[in-house]
Amino acid sequence: MVENLVSIMPELLMTIFGLILIVIDVIAGKNSKSGVGYFGIFFIIVALLASIPVGGFKIFGFGGTLVWDMYSFAFFFVFAIAYILSTLGSVDYLRERGILKGEFYTIMFFSIIGMMFMVSATDLSVLYAGMETMAISMYILAGFEKGNLKSNESGLKYFIIGAFSSAIFLFGLSYIYGYTGSTKYVDIANMIQANGLNNFNIKLGMVMMLAGLAFKISAVPFHMWAPDVYTGAPTPATGFMTVAPKAAAMGAIVRFVWIALEPAAAQWQLFFSILAVLTMTYGNLVALAQNNVKRMLAYSAISHAGYMLIGVVSANELGYQSIALYTMIYGFMNIGAFTIISLLKNNGVIENERIESFAGLGKKYPVVSLAMLIFMFSLAGIPPLAGFMGKFYIFTAAVKSGIIWLAIIGVINSVIACYYYMRVTIFMYFKESEYDVDVNMKPASFIASMIAALFVIIIGVFPSFFMDLVKYMIV
Amino acid sequence: MTLQHYLALSAIIFSIGMTGVLVRRNLIVMFMSVELMLNAVNINLAAFSKYLNALGGQVFIVFIMAVAAAEAAVGLALIIALFKNRPTVNADELNTMNG
Numbered sequence: 001m002v003e004n005l006v007s008i009m010p011e012l013l014m015t016i017f018g019l020i021l022i023v024i025d026v027i028a029g030k031n032s033k034s035g036v037g038y039f040g041i042f043f044i045i046v047a048l049l050a051s052i053p054v055g056g057f058k059i060f061g062f063g064g065t066l067v068w069d070m071y072s073f074a075f076f077f078v079f080a081i082a083y084i085l086s087t088l089g090s091v092d093y094l095r096e097r098g099i100l101k102g103e104f105y106t107i108m109f110f111s112i113i114g115m116m117f118m119v120s121a122t123d124l125s126v127l128y129a130g131m132e133t134m135a136i137s138m139y140i141l142a143g144f145e146k147g148n149l150k151s152n153e154s155g156l157k158y159f160i161i162g163a164f165s166s167a168i169f170l171f172g173l174s175y176i177y178g179y180t181g182s183t184k185y186v187d188i189a190n191m192i193q194a195n196g197l198n199n200f201n202i203k204l205g206m207v208m209m210l211a212g213l214a215f216k217i218s219a220v221p222f223h224m225w226a227p228d229v230y231t232g233a234p235t236p237a238t239g240f241m242t243v244a245p246k247a248a249a250m251g252a253i254v255r256f257v258w259i260a261l262e263p264a265a266a267q268w269q270l271f272f273s274i275l276a277v278l279t280m281t282y283g284n285l286v287a288l289a290q291n292n293v294k295r296m297l298a299y300s301a302i303s304h305a306g307y308m309l310i311g312v313v314s315a316n317e318l319g320y321q322s323i324a325l326y327t328m329i330y331g332f333m334n335i336g337a338f339t340i341i342s343l344l345k346n347n348g349v350i351e352n353e354r355i356e357s358f359a360g361l362g363k364k365y366p367v368v369s370l371a372m373l374i375f376m377f378s379l380a381g382i383p384p385l386a387g388f389m390g391k392f393y394i395f396t397a398a399v400k401s402g403i404i405w406l407a408i409i410g411v412i413n414s415v416i417a418c419y420y421y422m423r424v425t426i427f428m429y430f431k432e433s434e435y436d437v438d439v440n441m442k443p444a445s446f447i448a449s450m451i452a453a454l455f456v457i458i459i460g461v462f463p464s465f466f467m468d469l470v471k472y473m474i475v
Numbered sequence: 476m477t478l479q480h481y482l483a484l485s486a487i488i489f490s491i492g493m494t495g496v497l498v499r500r501n502l503i504v505m506f507m508s509v510e511l512m513l514n515a516v517n518i519n520l521a522a523f524s525k526y527l528n529a530l531g532g533q534v535f536i537v538f539i540m541a542v543a544a545a546e547a548a549v550g551l552a553l554i555i556a557l558f559k560n561r562p563t564v565n566a567d568e569l570n571t572m573n574g
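Residue numbers (my numbering), protein chains in the order written: chain L, 1 to 475; chain U, 476 to 574.
Certain hints may be false.
Under the rule of at most 20 Å between Cα atoms (straight-line distance), these lysine to any residue pairs were calculated in the SDA-like manner [as the list claims (entries may be wrong)]:
#, chain 1, residue 1, chain 2, residue 2
1, L, K146, U, P562
2, L, K146, U, E568
3, L, K150, L, R95
4, L, K345, U, M572
5, L, K146, U, V564
6, L, K150, U, I554
7, L, K101, L, K203
8, L, K203, U, L478
9, L, K150, U, V549
10, L, K203, L, I259
11, U, K525, L, R95
12, L, K431, L, I350
13, L, K146, U, L551
14, L, K30, L, T15
15, L, K150, U, K559
16, L, K146, U, T563
17, L, K363, L, D436
18, L, K146, U, R561
19, L, K345, L, K363
20, L, K101, U, A556
21, L, K146, U, K525
22, L, K363, L, D438
23, L, K150, U, V564
24, L, K146, U, F558
25, L, K150, L, K345
26, L, K400, L, P384
27, L, K364, L, I412
28, L, K146, U, A547
29, L, K150, U, F558
30, L, K146, U, I554
31, L, K150, U, K525
32, L, K363, L, M422
33, U, K559, U, R500
Covered stretches of chain L, as calculated for chain U (at least 3 residues, CB under 8 Å) [as the list claims (entries may be wrong)]:
#, segment
34, 129-138
35, 156-163
36, 176-186
37, 228-235
If you are wondering where the hints come from, they were derived from the structure by calculation, not from laboratory data. Yeah, the Cβ is synthetic: ideal placement off N, Cα and C, and Gly gets one too.
Bound-form chain L, shown alone (with noise of 0.2 Å):
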């Protein structure tokens, strides 16, 4: 009874002080709701400082269908960062648009209780919940700005392809659990140990189920939602929905290939090699040609998760590992970039975050576009910053354990991947302004942006330090 609920303290946690933040945000005034966020920071950390693990522990809950360890445990570290950064990013963007309300905050907090347990998940259907808390979070977060047609456009194209996704994924799972009698994962390894994948039901149930998890991770070819979805949603919340649902996803991929599917390597290997290929090359290849700024972060976002397949096609511990650092290391760089990029005002006729907005920036907000560079040239993987290190694990784990072709697609993909980042540092620092453009930036989101461009240069100067942790807490 006690070590059920050791096992979900942190959720406990989580779900104890989202309802604080509900009261919070009806005691706060109208025009204090940030304080509901900064309530949320407060909390998260609280929450985080709880829940560190002392010395590599499993503590398995509710008959082995969960667990919380300290691969759990590195991923909530992962989902705190996001959040704390998205939070501070968000409040002068909200403000602005006139839609600083405390649910933003609610519900990006209740989505990371989802996630959370979509990591620590060793049974199907924890998994499936905490998806769906995860998933229905982020189709209202992405709806966020009801007046906005194209915030409404992005929730609904957001929750028609996610139920239909998760519809996908239900199917093969219930032709999974009619095959081995068991939705927890260990007993999904045995009885593929002992009769193998022959069955023709088992394979197109995993294939499903695969194809359904590959859809929350925008991996190609289940992609064809998450340009628009990214680009049509509130800035701040697409920092956030690139990054902290993406990492919760990988991380349940990753125990899911890691426990279920160790017996059948070679199977799920291939699958997820294609996709990491497919993902790499056309997101980077598509982000090319983009115009809008927001829109081809929204490519390089896919191209991101193909980089991080590599990490689970890989398989060894140096993979999985690098997929949290990686993930930790993505959340710095891209909010960051996404926090700029909310705060751009173009005073003339062409959107706000058009290429062409960019241009002169250098010279009038020196510190804004020195961050800017600082982010992307990290995204494109220039050796002293962060993105570099997270790359240079994967790409290593990928040859430790043999499949060195996987390694050099990647590589060459990060190659074409540089032109589309350079090419808002040239048009930043190169090319004279032809708008009026303004850059509203107020003390919650310089903080923001300045925190993230910190840590980036931080982990790529010392990443052996933060590996080394990442190794101590996934072993």
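Could you slot chain U onto chain L? The hints should help.
Frame of chain L; chain U shown alone:
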């Protein structure tokens, strides 16, 4: 009736739902088709649960129904929010981002 009958029924319903999502352009009809797909899953799980004599599948159905209800609430709210800005429920008219 054997397990096969139930599986065939569920596969047919799932296919109808999937076709509905892919072919129909009315958002509400698409949403209903998704619900149809979820109910096909429920039939599958119930049949397997009875066949295997294990209760896990039936518990799962409760999960799915609860989530479907929550999803319906959010989905209809999103459709209403869209309808206030532009009186349409046609998915093909959702093209403000050239996507």
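Taking the hints in turn, this is what the structure says about them:
The straight-line distance between the Cα atoms of L:K146 and U:P562 is roughly 14 Å, inside the 20 Å bound, and the hint therefore holds. Of the pairs offered as hints, the one joining L:K146 and U:E568 holds, with about 17 Å between alpha carbons and a cut-off of 20 Å not exceeded. Straight-line distance between C-alpha atoms of L:K150 and L:R95 comes to about 18 Å, which keeps the hinted pair within the 20 Å bound. Restraint check: the Cα-Cα separation between L:K345 and U:M572 comes to about 19 Å, which is no more than 20 Å; the hinted pair holds.
Simply put, L:K146 and U:V564 have alpha-carbon atoms about 16 Å apart, close enough for the 20 Å limit, and the pair holds. Of the supplied pair hints, the one linking L:K150 and U:I554 holds, its CA atoms being roughly 13 Å apart against a limit of 20 Å. Under the criterion of a C-alpha separation no larger than 20 Å, the hint pairing L:K101 with L:K203 is inconsistent with the structure, at around 46 Å. Taken as a hint, the L:K203 and U:L478 pair is honoured in the structure, with Cα atoms around 19 Å apart against an allowance of 20 Å.
For the hint pairing L:K150 with U:V549, the CA-to-CA distance comes to about 17 Å; that is within 20 Å, so the pair holds. For the hint pairing L:K203 with L:I259, the CA-to-CA distance comes to about 17 Å; that is within 20 Å, so the pair holds. A threshold of 20 Å between alpha carbons decides the hint, and for U:K525 with L:R95 the separation of about 54 Å lies outside it, so the pair is violated. For the suggested pair L:K431 and L:I350, the alpha carbons sit about 17 Å apart, so the restraint of at most 20 Å is met.
Of the supplied pair hints, the one linking L:K146 and U:L551 holds, its CA atoms being roughly 13 Å apart against a limit of 20 Å. Taken as a hint, the L:K30 and L:T15 pair is broken in the structure, with Cα atoms around 24 Å apart against an allowance of 20 Å. Between L:K150 and U:K559 the CA atoms are separated by roughly 13 Å; this keeps the pair inside 20 Å, and the hint holds. For the suggested pair L:K146 and U:T563, the alpha carbons sit about 15 Å apart, so the restraint of at most 20 Å is met.
A C-alpha spacing of about 13 Å is found between L:K363 and L:D436, which places the hinted pair at or below 20 Å, so the restraint holds. About 12 Å separates the Cα atoms of L:K146 and U:R561, which keeps this hinted pair within 20 Å; it holds. Distance check on the hinted pair: L:K345 and L:K363 sit about 16 Å apart at the alpha-carbon level, within 20 Å; holds. Distance restraint check for L:K101 and U:A556: the Cα-Cα separation of roughly 16 Å lies within the 20 Å cut-off, and the hinted pair is therefore satisfied.
For the hint linking L:K146 to U:K525, the alpha-carbon distance of about 45 Å lies beyond 20 Å, and the restraint is violated. Between L:K363 and L:D438 the CA atoms are separated by roughly 12 Å; this keeps the pair inside 20 Å, and the hint holds. About 15 Å separates the Cα atoms of L:K150 and U:V564, which keeps this hinted pair within 20 Å; it holds. Among the hinted pairs, L:K146 with U:F558 is consistent with the structure: their alpha-carbon atoms are about 10 Å apart, no more than 20 Å.
Restraint check for L:K150 and L:K345: the C-alpha separation of about 17 Å stays at or below 20 Å, so the hint holds. Under the criterion of a C-alpha separation no larger than 20 Å, the hint pairing L:K400 with L:P384 is inconsistent with the structure, at around 23 Å. In summary, the hint linking L:K364 to L:I412 is not supported, as the alpha carbons are separated by about 35 Å, beyond the 20 Å threshold. For the hint linking L:K146 to U:A547, the alpha-carbon distance of about 18 Å falls within 20 Å, and the restraint holds.
At most 20 Å may separate the alpha-carbon atoms for a hinted pair to count; L:K150 and U:F558 meet this at roughly 13 Å. This hinted pair checks out: L:K146 and U:I554 have alpha carbons roughly 11 Å apart, not beyond 20 Å. With a C-alpha separation of about 46 Å, the suggested pairing of L:K150 with U:K525 is violated against the 20 Å cut-off. About 17 Å separates the Cα atoms of L:K363 and L:M422, which keeps this hinted pair within 20 Å; it holds.
For a cut-off of 20 Å, the pair hint linking U:K559 to U:R500 stands: about 19 Å separates their Cα positions. As drawn, the segment 129-138 of chain L meets chain U at 3 residues by the rule of a beta-carbon pair under 8 Å; at three or more, the given contact holds. Interface restraint, the segment 156-163 of chain L with chain U: holds (5 residues with C-beta to C-beta distance below 8 Å; minimum three). Using a Cβ-Cβ cut-off of 8 Å, 5 residues of the segment 176-186 of chain L lie near chain U, which meets the minimum of three, so the contact claim holds.
Taking a C-beta to C-beta cut-off of 8 Å, the segment 228-235 of chain L contributes 3 residues in contact with chain U, enough for the three needed, and the coverage statement holds.
The structure does not agree with the numbered hints 7, 11, 14, 21, 26, 27 and 31 stated previously, though it agrees with the rest.
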